[in-house]
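Chemist: Sequence:
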Amino acid sequence: MAGLQYDISGIGNGTGKALLALLPEIADRAADTEKARRLPADLAEKMAAAGAFNLSKPTSLGGLQLPPLEFMQLIATMAEADASAGWCAMIAVTSTLGAAYMDEASAKDIFGPDDVITGGVFAPMGKAEDMGDHYLLSGQWQWGSGSANCSWLGGGAMIFKDGALQKFENGAPYHRMLFFPVSEVSFIDSWHVSGMKGTGSGDFSVENIKVPKGRSVSFVGDRPRDSGALYKFPLFGLLALGVSSVALGNARAALEEIKQVAINKKTPGGGRSMAQRATVQADIARATAQLRGAFSFLEDAVEKAWQEAQGNGNISPNARGDLRLACAHATEASAEVCKTAYTLGGGAAVYSGSSLQRRFRDAHVATQHIATAPAVFELAGRVLLEQPVDMAML
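Quick note: the sequence shown uses our numbering, first residue 1, plus one each step.
Keep in mind the hints are simulated off the structure, nothing from the lab.
Being a predicted model, the structure only gives us computed values, none of them experimental.
We put the beta carbon where it would ideally sit given N, CA and C, even for glycine.
Certain hints may be false.
Said to hold, decoys possible - DEER-style ranges, computed between Cβ atoms:
| # | residue 1 | residue 2 | range |
| --- | --- | --- | --- |
| 1 | 32 | 313 | 38 to 46 Å |
| 2 | 167 | 313 | 38 to 46 Å |
| 3 | 112 | 205 | 24 to 32 Å |
Please build the complete structure, drawing on both the sequences and the hints.
Modeler: So, in C-alpha cells, the structure goes:
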C-alpha cells in the first residue's frame, strides 16, 4: 500500500499498531471480499482481535472510547485498504454506542467480550409490543452491514402498547433500538448491489421474539448512563462521520493508485507517460485539492464539536450543522475524486479486476446512506439560514 493519510500507530493502546499490521491482508483480500459479498469470517475475527470494533465502546467495558477524530482516522485508514472492511468496522463500532445507554448488566451481557462483534440498523423497521418487563418484537431490517459476523444485532422498532402506537412528548412516533442474539435472527440473501458488495449488508428479520427492556435504548429520548464526552457528541453526527470517513479513505486510495498509473503508464503511440499530459496534471491537481479540502473541513468540524462536548456537553446548532455538512460534503467530494480516478484509468478501469472501478462503485453507494445523502445539505442549510430544525435528528 502507498503511504497512508494518517499515522495511526499510536492510537488506542496498540489497536492502531495492530491494524497497521493487518492492512496489507485486508487490501490483498479486497477482491475476494467483494466476490463473497461479505467480510470473510476469519478476517473479521482478526480485525476483532486487533480492536477494530471497540473504538467507541465504553472503557468501563474494556473499550477504547476514542475521541471522534481518532475514530475517523482509524476508519479512514481501514477504508484505504478496502472500503467494505472499513464500512463493516464503522457499523460495528457505532452499534457499541448503545452500551453507553444501557444498565451495566445488560451492556456487559451484549458488549462485554473484547472480541465481540455487534451490528444493527437504527431505522425503526420493526414493531415491538410493550409487554411490561419485555418487548415482543417482529421486523425485517435492510442494510444489515457485517451482520453475518455478529454475535448480537440491534433493530429499530416502533413501540406499541395494547395495540396503540406510543409517542414522544412532541407527538412523534416512539421508537427504540432493541438488541438480540443472532441465534434468533433469520438472514435473507438480498445483498445484490453495485458497490460495497463486500459488506454483506443484506436483510435480517425476527418474529415474535422476547427482548428484555434492559436490552433496548432510545438514542432520541434516553440519556446515556456513561457521562463521557464521547456520548455527548452528536449521535447522528458520529454515524455520519463514520460513513464519510470510509468515503474519504476509499477516495484517497483511488487517487494514490491513479497517480502511480499516470507516472508509469505510457501514452499509446506517443511514448510519454500519462503524467506528462497537461490535462492529466490538471485533473490530478484538482482532485487532490478537493480531497484535501474535504479532509480538512471535516477535521475542523469534528474538533469544534468535540471541544463543546468536552465542555458543558451542549453542542450548539452551528457545530452540529457544520459537522453534518462536512460529512455530507466529504462523501460527495470523495465520489467525485473516485470518478476522476476511474475516468483517468481509461479502458483498463472498466474490467472487474481493476480496483479503480471497485473504488468508484463503492464511493457512489456511500453517497446513498441517509446520514450523508443529499438531503443533509438541506438540513445544514436550515441551520446556516437560522431556520427551525429538529435538533434530535441533527
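Chemist: Tell me, which hint numbers fail for this structure?
Modeler: 2
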